[in-house]
Amino acid sequence: MLMDPALVKLALGGLVVLGVIGLFFGIGLAMAANKFAVQINPKVEEVLETLAGAQ
Amino acid sequence: MKNIRPFHVLVGVLLVVVLLLTGCKTRHRFVKKTAFKDTDKIEIVFAGPVDETWAKDVGGYSVYEKPDPDILLKISNVALSPDKTTVTLTFEEPLNRDQPHILTTTEIMSEGKSLGAAVLTVKKLYFGYVLSILIGAMLINNFVFTKYLGLCVFFGTSQKKTTAVGMGVTFTLVIVFACMLSWFLYQYVLKPFNLFFLEIIVFIGLVSLSVQAVDTILRKINPALFKAFGVYLVLVIANCVILAVPLILADNEYNALESFMLALGAGLGFLIALFLMSCVREKLELANVPPTFKGMPIAFVVAGLFALAFLGFSGMSIY
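One line per chain: the protein sequences are R and B, in this order. Read in order, the letters of the first sequence correspond to residues 1 to 55 in the numbering used here. Read in order, the letters of the second sequence correspond to residues 1 to 319 in the numbering used here.
Rather than coming from a laboratory, the hints here were simulated on the basis of the structure. Careful, some of the hints might be misleading.
Stated by the list, open to error - Cβ pair distances, simulated, as ranges:
id : chain 1 : residue 1 : chain 2 : residue 2 : range
1  : B       : Lys-294   : R       : Leu-12    : 33 to 41 Å
2  : R       : Ala-52    : B       : Lys-227   : 46 to 54 Å
3  : B       : His-8     : R       : Phe-24    : 14 to 22 Å
4  : B       : Tyr-148   : R       : Glu-45    : 36 to 44 Å
5  : R       : Gly-26    : B       : Leu-131   : 34 to 42 Å
6  : B       : Thr-292   : R       : Leu-48    : 49 to 57 Å
Beta carbons: idealized from backbone N, C-alpha and C, even for Gly.
My request is simple: use the sequences and hints to build the entire structure.
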């Protein structure tokens with residue numbers, strides 16, 4: 001069964017627009033994460049691991 | 001903060017100005033001012049004198065409330081001031097000042113010449129209108145106590161005053177950011193492409209995006225504040241007020257300033273609700289509560305009482 005071409009067009013347009021928005025903001029977030037990266041000392045994690053950690 | 005140049009600031013300011021201007025209504029060039037007067041009058045001030053025969057004709061004007069274009073309001077009398085620049089329309093029934101009114105005239109005649117027909121908008125003082133949105137969202141239609149939204153976070157973080165205030169401030173920050181983003185996307189992307197059915201999914205995405213962005217940026221820029229916000233920042237996603245506000249402002253076609261005020265009002269209203277609730281719950285810790293009501297049940301009772309108290313604000317209007 002064929003669907004109404006106008007609806008197919010709307011759905012495809014929606015997919016494209018949503019994809020572009022997602023890609024745009026995804027890249028934006030990735031760049032922000034890169035720019036505002038915080039160095040976390042890996043030793044902190046290691047020390048916490050080796051401690052008993054009951055409290 | 002060092003690499004923000006004046007050029008960037010200028011571009012930002014220009015962008016905001018353009019956005020604000022697109023939200024403004026155009027009006028006829030010969031009309032200086034339109035305003036409500038008393039309870040049943042509308043005043044139109046023209047830039048120059050108009051012809052008496054045209055101005056005094058009741059059939060020359062038609063007025064309706066913006067949401068109901070098919071209900072024309074009946075005009076009982078038209079008065080022209082002695083200097084012929086001010087026309088006062090008197091209506092048979094009192095006007096509802098909360099709604100903007102649309103006034104259309106036939107061709108305006110001034111000194112024998114026609115200046116074209118005019119479609120005018122009559123509304124309350126704009127600043128007052130914007131303020132009433134803010135106060136309305138904050139107290140009169142408080143999202144927690146009158147719409148019962150965001151209750152899980154409300155009960156979860158209102159045990160102590162410090163956590164309550166922390167959550168409220170974080171929430172206000174994020175909701176303003178998320179709402180401005182979603183307003184922009186709704187007006188300039190979803191509306192032109194006719195994708196109204198996608199608004200919920202887009203708004204959900206934007207909320208998580210803004211939470212993630214605030215999280216990333218705050219971690220670097222202000223670690224002390226980030227530590228203070230701690231777990232609440234992630235909890236904001238679980239709050240449904242933050243999804244309700246973009247949907248409301250999409251429904252009402254608010255412009256940028258009105259959206260900002262609604263978001264700010266919702267955030268501050270949530271902060272007020274959390275603060276009031278935490279004050280009571282701190283005192284409840286010391287009270288002699290029957291064992292069956294200890295903890296959550298008594299909190300629900302208190303929330304119900306607060307909701308009753310906030311009901312007292314209902315129906316109030318400012319300006």
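Structure-based check of each hint:
At roughly 57 Å, the beta carbons of Lys-294(B) and Leu-12(R) sit outside the given window of 33 to 41 Å. At roughly 25 Å, the beta-carbon separation of Ala-52(R) and Lys-227(B) lies outside the given 46 to 54 Å, and the hint is violated. His-8(B) and Phe-24(R) have their C-beta atoms about 19 Å apart, which keeps the hinted 14 to 22 Å range intact. In this structure, Tyr-148(B) and Glu-45(R) meet the distance hint of 36 to 44 Å, their C-beta atoms being roughly 42 Å apart.
Hint check: Gly-26(R) to Leu-131(B), Cβ distance near 38 Å, so the stated range 34 to 42 Å holds. About 42 Å separates the C-beta atoms of Thr-292(B) and Leu-48(R), a value inconsistent with the hinted range of 49 to 57 Å.
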